[in-house]
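4 protein chains.
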Amino acid sequence: MKVGIIGASGYGGLELIRLLHNHPEVEQLDLFTSSEEGTLFSNKFPHTKNLYDQPLLKIDHEQLTGYDVLFASTPAGVTSKLLPPLIASSPKLIDLSGDFRLKDTVEYERWYKKAAAPVEAVEQSAYGLTEWNTEEISKAQLIANPGCYPTAVLLSLLPLIKEKLIDASSLIIDAKSGVSGAGNTPGPMTHFSETNENFSIYKIHEHQHIPEIEQGIAQFGAQKIHVTFTTHLIPMTRGIMATSYAPVNSGVTKEQLVGCLKESYAGRPFVRVISESSKFCTKQVAGSNYCDIHVKVDPRTNRATIVSVIDNLVKGAAGQAVQNMNVQFGLDETTGLTQVPLFI
Amino acid sequence: MKVGIIGASGYGGLELIRLLHNHPEVEQLDLFTSSEEGTLFSNKFPHTKNLYDQPLLKIDHEQLTGYDVLFASTPAGVTSKLLPPLIASSPKLIDLSGDFRLKDTVEYERWYKKAAAPVEAVEQSAYGLTEWNTEEISKAQLIANPGCYPTAVLLSLLPLIKEKLIDASSLIIDAKSGVSGAGNTPGPMTHFSETNENFSIYKIHEHQHIPEIEQGIAQFGAQKIHVTFTTHLIPMTRGIMATSYAPVNSGVTKEQLVGCLKESYAGRPFVRVISESSKFCTKQVAGSNYCDIHVKVDPRTNRATIVSVIDNLVKGAAGQAVQNMNVQFGLDETTGLTQVPLFI
Amino acid sequence: MKVGIIGASGYGGLELIRLLHNHPEVEQLDLFTSSEEGTLFSNKFPHTKNLYDQPLLKIDHEQLTGYDVLFASTPAGVTSKLLPPLIASSPKLIDLSGDFRLKDTVEYERWYKKAAAPVEAVEQSAYGLTEWNTEEISKAQLIANPGCYPTAVLLSLLPLIKEKLIDASSLIIDAKSGVSGAGNTPGPMTHFSETNENFSIYKIHEHQHIPEIEQGIAQFGAQKIHVTFTTHLIPMTRGIMATSYAPVNSGVTKEQLVGCLKESYAGRPFVRVISESSKFCTKQVAGSNYCDIHVKVDPRTNRATIVSVIDNLVKGAAGQAVQNMNVQFGLDETTGLTQVPLFI
Amino acid sequence: MKVGIIGASGYGGLELIRLLHNHPEVEQLDLFTSSEEGTLFSNKFPHTKNLYDQPLLKIDHEQLTGYDVLFASTPAGVTSKLLPPLIASSPKLIDLSGDFRLKDTVEYERWYKKAAAPVEAVEQSAYGLTEWNTEEISKAQLIANPGCYPTAVLLSLLPLIKEKLIDASSLIIDAKSGVSGAGNTPGPMTHFSETNENFSIYKIHEHQHIPEIEQGIAQFGAQKIHVTFTTHLIPMTRGIMATSYAPVNSGVTKEQLVGCLKESYAGRPFVRVISESSKFCTKQVAGSNYCDIHVKVDPRTNRATIVSVIDNLVKGAAGQAVQNMNVQFGLDETTGLTQVPLFI
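Chains as they are written, first to last, in numbering that gives the first Met the number 0: chain A, 0 to 343; chain B, 0 to 343; chain C, 0 to 343; chain D, 0 to 343.
What the hints contain is simulated information worked out from the structure, not anything from laboratory work. Please read these numbers as outputs of a predicted model, since none were measured by experiment. Cβ coordinates follow ideal geometry from the N, Cα and C atoms, glycine included. Hints may contain errors.
[Claimed, not checked] Calculated cross-link-like contacts (lysine to aspartate or glutamate; reagent style DMTMM-like; alpha-carbon spacing at most 20 Å):
1. D:K161 with D:E205
2. D:K48 with A:E275
3. D:K278 with A:E275
4. C:K48 with B:E275
5. A:K253 with B:E275
[Said to hold, decoys possible] A few chain A residues facing chain B, derived, Cβ under 8 Å:
6. D173
7. K175
8. M188
9. E196
10. N197
11. F198
12. S199
13. Y201
14. T227
15. T229
16. T236
17. M240
18. K278
19. D297
20. T304
Chain A with its partners taken away, still in its complex shape:
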């Protein structure tokens, strides 16, 4: 396979390179960027020395032809314009940005404050939450790869909502992310001396992943709800934990919740249900494509606490994108994604 990465210098792009480098079906990996055309990639990123001593290519429709698959990892508002014209030339397209995720383009414009992609392109695309949309992904040319927070949230909640074990109407989701989610552009929110040894809350009730979560619950869980969703910044690089709270429906036990989750993900290697845990943490999935889920019911309040962890750059971005590519090409979904988590 001949693969191109648009936005190769961003963190999504770097992680795609890390994963695709050892993917057995990838024969060629070309790197595109909006600036620095001609710069040797390994001069900019010495960690790829000897591996990617090739020049960065200009994002240009002509140059972007002839690929089996193109990944795009760019800021919001770029691929809505860049990808639709490429559909005709028929490579598989996997977009890691939010531009094709929301089927309701009015919602997109409200939350992203940018012009939405053309409706037809949005309609043609498949939402790439692999475990819940495998069939559609396998047929789609354009994949809207999910956001990092929605991936962690939806994977842990959808089975319980769909099976009506929890009361989704009063769902509260307290999410926490490492700093790499903010990307590679330096700014005050990512300045080391003010981020290190600090824990902050941001975009309270206003994060653009809210409509994506609600859309996913409607699509796969068959419930139309509004969630309360907050996001926090952890002084570390990789990892997301989503802690969700909902009342259990009458008489539902922890064992039922665990059973439902295990059943839902039987045969899906990347979702692991951890029934007992003395230390449930982000590091247990670091560097890997796993999503681990843990759940408890508080007998004093009859509320469930549902916790999930992912590596935001892997299952929350590049890893799930590769998983989706595997599905599109009929490969085993784990191809190239068998990394053991880096617990240390």
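Here the structure of chain A is known, so what remains is to put chains B, C and D in place on it, guided by the hints.
Okay, now just chains B, C and D, sitting in the frame of chain A:
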């Protein structure tokens, strides 16, 4: 004033030394420990060289007499036995452990899994949440200094519960702490290579601060409720953030919540209400006795998100203890506590 | 005293505020900045809420009159122009930048790649390495506050060089700093995700503190030498360690080195010589004005390893600046600087 | 291949599992430990759930038979007794501890303060610095895998010493390591709250890797010298940087040093010489088996600064062990070791 610190080698003790060292009314500071009697304190803790080149003293009833005030910062189950016999000799006693906090000794034994302190001693003690119990603290000989999580939670929620602006019956509290809260004993939960670059959830629904929070809400907020409370470990040393969620009562606005908080804490210098914030974070109180509170109402769900931050070792432990000492001795409550937060 | 801080929004400025806020002789603290005139300081820096709810003032010669002392904490190349005209109006001036440190203005221009300050102004200024230049500082109007690395290096080496206990001619200095030394402007070198969990070497043999170190050794140690000096970035916020290597002169023992250091700094409270240490580290001085020094002789190579630690923002910047102010005004040098290090 | 790991619960063991899991020639991986026999590995280490749900096996000579290769990653003093009796049953043995590294058993006992391994076993073993000892490694049954510091130091210095481009007689090596080098046993040196935001120097002139470095210089560089060697602890998990200083021999330029290094490692994929670098750092090799080297000559002092970085758990331990296994079995040395560094 002649002051003794019992448990001077723990983190609570070290922080008491840091704060009391520059307290204008403290003339003598003696350091007691359960082990290492005779060791020069500054040999064990080189950061105190030239300041505390004095031997550690043995915790011994005879040696513990003659002090104006004794602080005890020891693990649960120690002061329940150690302090009651000292009451007769009448120094002011400020206990930083949980041993005298719960008025219901059965609850203490259920959550702490240790024998409770004698009922009379517990009844004599005042719960040291300074801003809410000033009068009682000023008269009490024995202060039960609050836990770190309850301090952050109660200060931010009590005004809103008391004034019935939020529906406390479905209160969810998602709390996060730096690692210093786990104390100075090395163990797997605090081993650097497994704690660094990691975020974990622990003691889900089972933290011993739950009954303390519920007791505080009953005592000062006049509501008997059960809370859903979870605790997370942040890869940093100092700081707590408590993010709480509750529906607002009919028609209540953010402005009303802010107004209520500001009014409640008018004249109380250590509680700051931050109405607007682009980055609300733990570092804005680091090293200081402040508790900062921020609140938002989600118009889509009519739920309030109430956030508070403290330095767990200062307002969550040693700082509030000194504040309580000031109240006991009729000093201005800010005496010795005017440190500017170390934002950097 | 009426005090002004020029460059109040930088890290040097923030730290001056932290220290001067509790300085007993400071009555008024005005904050000047090159931009954001009129912004309320505490809106920009919420950690100062209730403390500094005052507008930022414009740096303007007219507004800068009437102060007893002006601190300037600005990037290189600013005070060389800003301060000389203020000399006439006779406040004490303490410059935290490098603009007046090098007596040889040709050297300044070579290393800083900027136009040097007027020669007369440079000549009038006193180099503010407090322990070594007290007399001159006490008489000077303009103080060139030392760089962070030179402070750590010179304090640890000068006594040994001056007393000819080590062979300075082959001195090698391997210095390491926390990230706050890079200031508050976001950039690739300070972007969290690339700085965290990373250790880098930078400006090998090219750091502008090299001529300052060599000038200090010539001035106070009476030796004209060239040093090999490298600098490394530690993934933490505060703290510098300088590890220096030199052969000991014939027969010199560790005890002689320790003795020499202790004698040199007898009566100087901020320099502590730690003769034995199981863990010599930056945290033992964090947040304080101490410089701790530790030394060992390798019997296999007859070389001494001389290690010193400071908090780069305190003894390496704002703390030493306040110490110099104290000396200028005839106060005890520890006034306002009695903070106990934050070991935790 | 059937592979056993002795000491699977330690960090060396965990990293061996991570690397061998995707090694194409490994068919079975059995995990041995000195305690917790029978515990399911993934219960102890949830990050391996679904991958290693197998019981830990007891270290027992009978059980240790039938393997093609046995890795041992245990504390000093264990394999000196454990491995010699296994030699007869003829599996390949790769020891990650220091027990067989020093050919001079008297030196071993002096620096390690433990009884040395039997002299015959030590003599039979090959020192596993792969790039310098390939031939011997390919024939040896027992490999003494190098220490983390010696690997970083020797790879960067040996070519320059062997070619007499630098004066090794006054070599100074200032080494820095992440905390994972201290292993998985909690203690004061690795307690998060005292390690985080802290940088310390330890074992000054006394580290047990000193004789290993000197032996390597004698064996491969043909010079008998004593080095000055210090070690520092960086507040991060993975990574080592060694900064070495030596005078260049008369007239030698940076270009000659770079040329010598490049020539020495031509054809050796894991050693990369970085001639120009704006940010030379440990992250550029994180998670990979690379050793990157950078060098500069100070024209003012005619000294070279030679810097090398490795991931202490990979090229400094498990990665080099797998590389040695590849050499022993006649595989390409990169088999299973093609991970791209995790720069983020």
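Structure-based check of each hint:
1. D:K161 with D:E205: Status violated; Cα separation ~26 Å.
2. D:K48 with A:E275: Distance of about 12 Å is within 20 Å: holds.
3. D:K278 with A:E275: Between K278 (chain D) and E275 (chain A) the Cα gap is close to 43 Å, so the pair fails against 20 Å, i.e. violated.
4. C:K48 with B:E275: Holds, at about 12 Å.
5. A:K253 with B:E275: violated, 40 Å
6. D173: holds, 4 Å
7. K175: This hint holds: K175 (chain A) lies near chain B, its Cβ roughly 6 Å from the closest one there, short of 8 Å.
8. M188: holds, 7 Å
9. E196: With a closest approach of 5 Å, the E196 (chain A) hint holds.
10. N197: Since chain B brings a Cβ to about 4 Å from N197 (chain A), closer than 8 Å, the hint holds.
11. F198: holds, 5 Å
12. S199: holds, 4 Å
13. Y201: holds, 7 Å
14. T227: holds, 5 Å
15. T229: Holds: closest Cβ of chain B sits about 6 Å from T229 (chain A), inside 8 Å.
16. T236: Check passed: Cβ of T236 (chain A) comes within 7 Å of chain B, closer than 8 Å.
17. M240: holds, 5 Å
18. K278: holds, 5 Å
19. D297: Interface hint status for D297 (chain A): holds (4 Å vs cutoff 8 Å).
20. T304: holds, 5 Å
The structure does not agree with the numbered hints 1, 3 and 5 stated previously, though it agrees with the rest.
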